[in-house]
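J.: Residue strings, one per chain:
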Amino acid sequence: MNGKHPWMTEGQLRKKQQFQRLILALFILTLLAVLIALNTGYIRISPWDVLKTLLGRGTDQQELILFEFRLPRMVLAFLVGMGLAVAGAVLQGIARNPLADPGIIGISAGASLAVLLSIFFFSSAAVAPVYLMPMLAFAGAGAAALLIYALAYRRRDGIAPIRLILTGVAIDLGIRALIIVLTLTLAPENYQFMAVWLAGNIWGGSWTFVLALLPWLAVLVPFVYWKAPVLNVLNVGEETATGLGVRLGRERRLLLGAAVGIAAASVSVSGGIGFVGLIAPHLTRRLVGDRHEHVLPVAALIGGLLLLIADSVARVLTQPAKIPAGVVVAVIGAPYFLYLLAKLRD
Amino acid sequence: MNLPAEHDDAQEQLREVERTARPRLTAGMLAAGVAVLLFSFVLSVSLGAANIDFLTVWEAMWRMGAGSQEHQIIWGIRLPRVIGAAMVGAAFAVAGAVMQGMTRNPLADSGLLGINAGSAFALSLCFALLPELPYIYLVMFSFAGAALGAAMVYGIGSLSRGGLAPIRLVLAGAAVSALLGALSEGIALYFNTGQDLAFWYSGGVSGTRWSHLAVIGPWLLAALAAVIAMSRSVTILSLGEETAVGLGENVARVKLAGMIIVVVLAGLAVAVVGAVSFVGLIVPHVARRIVGYDYRLIIPTSAVFGAVFVTLADLAARILNPPYEIPIGAVIALVGIPFFLYVAGKGERGI
Chain A
1 MNGKHPWMTE GQLRKKQQFQ RLILALFILT LLAVLIALNT GYIRISPWDV LKTLLGRGTD
61 QQELILFEFR LPRMVLAFLV GMGLAVAGAV LQGIARNPLA DPGIIGISAG ASLAVLLSIF
121 FFSSAAVAPV YLMPMLAFAG AGAAALLIYA LAYRRRDGIA PIRLILTGVA IDLGIRALII
181 VLTLTLAPEN YQFMAVWLAG NIWGGSWTFV LALLPWLAVL VPFVYWKAPV LNVLNVGEET
241 ATGLGVRLGR ERRLLLGAAV GIAAASVSVS GGIGFVGLIA PHLTRRLVGD RHEHVLPVAA
301 LIGGLLLLIA DSVARVLTQP AKIPAGVVVA VIGAPYFLYL LAKLRD
Chain B
1 MNLPAEHDDA QEQLREVERT ARPRLTAGML AAGVAVLLFS FVLSVSLGAA NIDFLTVWEA
61 MWRMGAGSQE HQIIWGIRLP RVIGAAMVGA AFAVAGAVMQ GMTRNPLADS GLLGINAGSA
121 FALSLCFALL PELPYIYLVM FSFAGAALGA AMVYGIGSLS RGGLAPIRLV LAGAAVSALL
181 GALSEGIALY FNTGQDLAFW YSGGVSGTRW SHLAVIGPWL LAALAAVIAM SRSVTILSLG
241 EETAVGLGEN VARVKLAGMI IVVVLAGLAV AVVGAVSFVG LIVPHVARRI VGYDYRLIIP
301 TSAVFGAVFV TLADLAARIL NPPYEIPIGA VIALVGIPFF LYVAGKGERG I
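Chains as they are written, first to last, in this note's numbering: chain A, 1 to 346; chain B, 1 to 351.
Treat the hints as calculated values from the structure; they're not laboratory data. We put the CB at the ideal spot given by N, CA and C, even for glycine. Keep in mind that the hints are not guaranteed to be accurate.
[Claimed, not checked] To give an idea of the interface, some chain A residues facing chain B are shown, with a C-beta separation under 10 Å as derived from the structure: (1) G103; (2) L254; (3) A258.
[What the hints assert, rightly or not] Simulated restraints, written as ranges between beta carbons of each label pair: (4) B:L130 <-> A:F27: 46 to 56 Å; (5) B:R15 <-> A:R154: 29 to 39 Å; (6) B:Y324 <-> A:R57: 38 to 48 Å; (7) B:Y324 <-> A:Y149: 28 to 38 Å; (8) A:T40 <-> B:N192: 20 to 30 Å; (9) B:N192 <-> A:L64: 21 to 31 Å; (10) A:R96 <-> B:D8: 41 to 51 Å; (11) B:N192 <-> A:S46: 26 to 36 Å; (12) B:A225 <-> A:T40: 56 to 66 Å; (13) A:R250 <-> B:F191: 45 to 55 Å; (14) A:R96 <-> B:A225: 47 to 57 Å.
Based on the provided sequences and hints, a complete structural model is requested.
T.: Following this line, the structure appears as structure tokens:
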């Protein structure tokens, strides 16, 4: 018996230590990525100057670039990546299908449509109150989720995982068609904004957007973490879960609502970024196994790191034309999805 | 050699298909389809920003060069557009029918399986890098792109153990489309060809000219002729590969020829209208319902029905919300998605 954790078996203890080491490694990687990303860009600032500026001893120009442009954008990228990864992990747990991702099954598209409609209402780009955006996105994403749920449900066998994904793909196509109809009736200046936004961009890049997103994550992410044991049970399958006394329907709806909320809030400040919610949880499960107490935090960090790197690559490599981060993520993510598809069996 | 019993069984299946086929009904349907197509031509040419009455249209269609403004609108703008829509519809529908028959996949459609996205990707490369490229080469690139998309999706299919079930193949198509779409978007934003590309990418035949039709027409006719010539092989393949082998069919060769035809049809259609999905899904299903399971009948019926469908969809795209044009891809998607869900929910019965 091990002295410090008498209630754990050797295997569990090893898993736990592995998990802690992984979290530590990811933190260090994130810090490194932040430091590197901070000193690259249109105007290069050396690591030493970055450090000086962070300690409050840089020039005004350096302060402006770091604090008002680069840092908020990076924080936003990290938070969005985190949100999408957690939403993806929860959806995959509920659907018992590793292919579930808010971007693939139309939830992100629903959020995008709502944001687009708000631009019609407020008649010009980006004057819609920023704090309202996550709420509008939530309404749109929620409507899409309800529609998918209703169409994929069969009295015979409930929500079969693959049917859920397929229905989601179809809804995604449909909403995109509507979005195209709407964007083409936009004035040219709004059109350009919308095109970049739909492709998935960390476009806000100011602290206001960070603040608009933060409360949603601060409430919903701890909530799903608290529900991690329920996710573990849902993940093993319906019969077992009922046997263990989990009130399936209600718990599933709650978690679905939380995942939709997290995804919608993230999408509302980032546009349609797909595949993060797919890659991050899947990588995580290979690293730490299936226990959601471990999966959720690690997936959050991996997702954040992934989008931070993708956004920095998009920002740095494609000067002066800006390629949205969503394009970079899709280029990594789609092959990964295909690999999963080829490898998995029903 | 195959066992005689199996051979007889396969023969029996084929005979059954051919016995339940309805050639006379098909002939009637084809005649009716062509009549409806002509009527939609006239309707489509006469309606628009400037309405032209039927009689003038009818006259102008048979007699060129009267010089009046109406004749110029009809011959310069509307007729090529309408004929382009019909050609695109026939191409997409036949491509879908061949794919569904050969792969026994009820969800097969060049749009859903990533082939159109491949074409569109190749075209966006051309717009960015070779903006002055003549149309005839553009179409070649479109073929190459379609082949790329097909190779990617079916490559994934053959990599996975036991091949991919129809639904998974659709997911692979969605992922390949997402990948190629993202790349096209990146290219468009990087080279600032986004606005030019957007309408075209979401589907529209408004820019079609006679010179375009002259380029794609021969390809379309050649592909249609080839596909009708091999339609009996498609029927045999649709009975399942084992049965096809039992009937002495060279499965690999038929599949290769079929794939080349699909790539040509999808590639030329995308070069005209953009990456439009669902035509190749819906039309063959409807045709099969009416004429039976013999592809010698399904393919011509699909061609005519597809032409009517896209011509009418284009008309709807033009007149629903004037003065704007709704992208034709969106119009078709709104019909196509419920249909897709219906077919997907039904599973694979009767191809």
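J.: Which of the listed hints are broken here?
T.: 2, 3 and 6
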